[in-house]
Amino acid sequence: MKLWTLAEISGELATAPQISSTPGNNLITLNNDKSLCHLPYVFPFTDSSGSPWNAIGTYEGFAAIALAAQHLNAGDGSIVPEVAALANNKCGVKFNVAAFDTALSESIAVDQIIQITDRTNAQAIANGGPADDANVLLRPPCVILGAARSAVTMPTSLISGLRGFPQISPISTSPALDDKSQYRYFARTIPNDDGTSVPLIARLNSGSGDDNTGAKDESESWGVNHLAVLYVDDAYGNAFAQGIVLAAKEMAPGMQIETFSLAVNPDDAQIQRVIASMAESQYMYFFAILASSYDEIMTAAYNAGIAGTGKHTWLFSDGVGSEFTGRDFTVGSPLERAYRGTGTLSAQGGMPGMKAYDALVEGLRELGESVEDKEYLNSLLPNQGITNHTDVTDSDSYLMTPGFVAPFLYDAVISAGLSACNLEMNHNTTDGSFALSGGDHYDAIVASTFEGTSGTIVFNSETGTRNPKSALFTLSNFVDDPDASTSDVVQFKSQETDVFEFGAWRSLQPFVFNNGDTIAPPDLPETEVDRNYIPAVLRSVGLTLCGVIIVLSIGFTVWTKKKEKIRIVKAAQPIFLYIIAIGTLLMGCAVIPLSLDPGVVSMEGASIACVSVPWLLACGFSMTFSALFTKTHRILTIMRNAAAFKRVKVTALDVAKPMICLLLANIITLSVWTGIDPRSSKTIVLQTNRFGKATETESICYSEHQSIFLSVLGVINLGALLVAFVEAYLARNISVELSESAYIMKAISIILLVCLMGIPVIIIAQENTSAFYFVAVGIIFTVCISILCLIFVPKIRASMKPPPAKKKHRSASGGPDISRTSTQSDTDNSGIKILSSPMAMAELEEENRRLKQMAETMRASKSVRRWSNEIGLEESRRLSQMSNDSMVESDVATGNEKRVTFERPNSSDIENHTEMDAVDEEGEGGVIKEEENNGEEASHNEKNVDEEEGVIEEKGNIDEEESHIEMNVVDAEEGVDEEDIEKEEQVDNIVRVV
0 MKLWTLAEIS GELATAPQIS STPGNNLITL NNDKSLCHLP YVFPFTDSSG
50 SPWNAIGTYE GFAAIALAAQ HLNAGDGSIV PEVAALANNK CGVKFNVAAF
100 DTALSESIAV DQIIQITDRT NAQAIANGGP ADDANVLLRP PCVILGAARS
150 AVTMPTSLIS GLRGFPQISP ISTSPALDDK SQYRYFARTI PNDDGTSVPL
200 IARLNSGSGD DNTGAKDESE SWGVNHLAVL YVDDAYGNAF AQGIVLAAKE
250 MAPGMQIETF SLAVNPDDAQ IQRVIASMAE SQYMYFFAIL ASSYDEIMTA
300 AYNAGIAGTG KHTWLFSDGV GSEFTGRDFT VGSPLERAYR GTGTLSAQGG
350 MPGMKAYDAL VEGLRELGES VEDKEYLNSL LPNQGITNHT DVTDSDSYLM
400 TPGFVAPFLY DAVISAGLSA CNLEMNHNTT DGSFALSGGD HYDAIVASTF
450 EGTSGTIVFN SETGTRNPKS ALFTLSNFVD DPDASTSDVV QFKSQETDVF
500 EFGAWRSLQP FVFNNGDTIA PPDLPETEVD RNYIPAVLRS VGLTLCGVII
550 VLSIGFTVWT KKKEKIRIVK AAQPIFLYII AIGTLLMGCA VIPLSLDPGV
600 VSMEGASIAC VSVPWLLACG FSMTFSALFT KTHRILTIMR NAAAFKRVKV
650 TALDVAKPMI CLLLANIITL SVWTGIDPRS SKTIVLQTNR FGKATETESI
700 CYSEHQSIFL SVLGVINLGA LLVAFVEAYL ARNISVELSE SAYIMKAISI
750 ILLVCLMGIP VIIIAQENTS AFYFVAVGII FTVCISILCL IFVPKIRASM
800 KPPPAKKKHR SASGGPDISR TSTQSDTDNS GIKILSSPMA MAELEEENRR
850 LKQMAETMRA SKSVRRWSNE IGLEESRRLS QMSNDSMVES DVATGNEKRV
900 TFERPNSSDI ENHTEMDAVD EEGEGGVIKE EENNGEEASH NEKNVDEEEG
950 VIEEKGNIDE EESHIEMNVV DAEEGVDEED IEKEEQVDNI VRVV
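Residue numbers for the sequence shown follow numbering that gives the first Met the number 0, so the first one is 0 and each next one is one higher.
FYI, nobody ran anything at the bench for these hints, they're computed from the structure. Each hint should be verified, as a subset may be incorrect.
[Said to hold, decoys possible] Listed below are the simulated DSS-like cross-link pairs for lysine-lysine, each with C-alpha atoms no more than 30 Å apart in a straight line:
#1 Lys564 - Lys354
#2 Lys468 - Lys89
#3 Lys373 - Lys179
#4 Lys800 - Lys564
#5 Lys89 - Lys373
#6 Lys468 - Lys562
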């Protein structure tokens, strides 16, 4: 028999008087020579119906108490080595046990504690009075063990403390029991709910937070940010729920906890209401602190769609015990689906592999295998003859496993025993007597520490609660038991998946969730997020418009290359046309990165697109605009100097300077921007739901200083655009070939108008992705197409027209114009030569000055008739003769002549030669139109001279631009009135043209 010391003490108690030495002494004196510490066990052995209740191992717990008392009495240190020091009766205190059934009733428990702590019967016997038979077995306690639920422990420990008796609970975890002003001598070998909440929060949320993007697979945490707590509305449930809230605030400040309470014995209507409220929370993780009604609650949860769905996870406190194991559930039933993949979090009294725990398991198994020990234990069970304990004690599993409370109860008895013996062995009185008061005993208990079956026992000296860091917590998972399940019926088994020790979780095996997966599901239902990406249809439209710009830019470039030899393209200067086409191509290509967002590319790709957009737009805009600006500026420069009778040479470098400066300004600004603060794609949250989860987001290109750089680029480009607009306005009426000045004016006007109207619209629409994209693409398309069409289309149309028929130009006298008929053609420039005689050019310039002076003199004297009769005709003849004499070159080898003639300029000549770049091949000098005349043509020229029809034709190139000056002098003999009119027109022509 293993419990032999207890059996001996029980025999002595049956015959010996039971006397307490003094009211302040909690020991019983046996036969005046033996001190006895009585250990009553107040715990529920039955439920309200009177059936045995062993959900958390009540029966195994009582056996563990008996085994601990046996080890203390015998000094057996097989489990706790410190007990070996009590061997050989070194401790004068012996220990005895008793059991009381609370029947899960608070009132019954309170009545029992009142009777257990009543000293009146013992005092009456000590005073020689008769003993009350009803109270004979109610011996004064040394330490009370119990109760189970905190709601029961709180009133019982209040009574025991007032009467001076320590009370130790193995499972009551309410933080309210730490209040020493009410529960003076209460201690516990399990952490309180605040301590139990620590591993719960650590399992659900490590405190690092989570972005709620989907499933989690973390080594220590499931990444749960939202938890619903269902608790029974009593002291235990309220304190536990409050402990979870406090632990979450401390460990995971971002975690949201919602609590829902139920009555201790709820009816179906209340269960339905509470479960409906929990469903409305939309939470996916639930922690239940219950003592009963598990099936009713989980059935209601299944019907409400928050259990058994594969998406919801339920965890339970340690009160669930073996409610889910060892039962048959029909496959597919609500309870089978609801309980599958659930779990329980509980403080453990040890684990296999721990030396003390394994020794306890072995010791209980030996008791279960001993008939004598089992019979002795059964004799001590409460309510004998009322409750049929054999339903538990005769089962094959009885004492084969320790159950939940056995390790904590064993450690509680050892702590009470070691502290009492230490006080007894160290007491120092003159008469050698030893009295154990409740206060001294309690202080010794909370000061004790040893390696127990549930780990290192360390109490908080101020509260009497076990330090949670010294305790062991496990997470158990309810999964199918293949050995007990069939195709129609399922049984669940509990398997430990994780262990919390030394402040951290350690995984033993994967936790299987309700969906059968080992990856934790999200804690909230998936939310549909409106990410405001560019719609596919709108993106297709934008890219199509981009394709149109690219095709037209490349097409016009190819056309320019093929037609660069024709007069129209040469007059427009192909290099500028190329630059315009390349600029629009770059601006059009900006639509491509503008169309990219995280919906079609990665965040890195979207960031690259953000950087490239301003580069393409700024560089393309500056190239296109500078080409238009340069063409306008060039025309104005030539015409201003021509009007002032100044010769100016506009070189390629001169016209390229504005373009280079503008392009460099943009490139430098963009380079600095990209170098120090590049744009990147960033997702911003526009709207959230009540959980703080995003319901609407937007991807933007962000740069901390982008407003500064955009302002700089705007000043550079828009400022230059305004200057160009002014010059284009001034050049709008200049008549050049194909009216290009007017088209340039229109193009710049469109650019300015689009920028002034489009930029504010873009700023307003930037919060709407689709509107912003549509407006931006529209602006780019409008600018590019307007420029391309206005610059290229008129030239293409003109090039497709047939060349005009050759016409003979006649002089003022009605005769043929030799210079036109013999040398000039709109399409054939083979007759154009370059006059390289410096002397001839000097004479022409001198003659121009003389004519201008004469015209001013004639106007001042108002003698037009006299001037035309006496001087004008003579000067005209002399000028014609001099020109013929000085400009004729004889070709001895061929016998041909080259004659230079001068003509009055007409509008078509000004258009042609202002726009065309006839390059001076041999240096300075005007472009002179030459005629090769054979014998017949020479005689015709002489006849014109003899008829006194002076025809002066001047062809000069002002800055390599051809312009014609023609003066026609009419015959002075045609009449006075006609002469006056003709001479006045002649003077006007001379003043205007020269």
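Satisfaction of hint between Lys564 and Lys800, Cα-Cα up to 30 Å: Roughly 16 Å separates the two Cα atoms, so the pair holds.
Hinted pair Lys564 and Lys354, Cα distance within 30 Å: Measuring from Cα to Cα gives roughly 102 Å; hence the hint is violated.
Straight-line alpha-carbon gap Lys468 to Lys89, limit 30 Å: 33 Å, violated
Distance restraint between Lys468 and Lys562, which requires alpha-carbon spacing of 30 Å or less: With Cα atoms ~90 Å apart, Lys468 and Lys562 exceed 30 Å; violated.
30 Å Cα cutoff - pair Lys89, Lys373: With Cα atoms ~29 Å apart, Lys89 and Lys373 stay inside 30 Å; holds.
Straight-line alpha-carbon gap Lys373 to Lys179, limit 30 Å: 39 Å, violated
In summary, the numbered hints that this structure violates are 1, 2, 3, 6.
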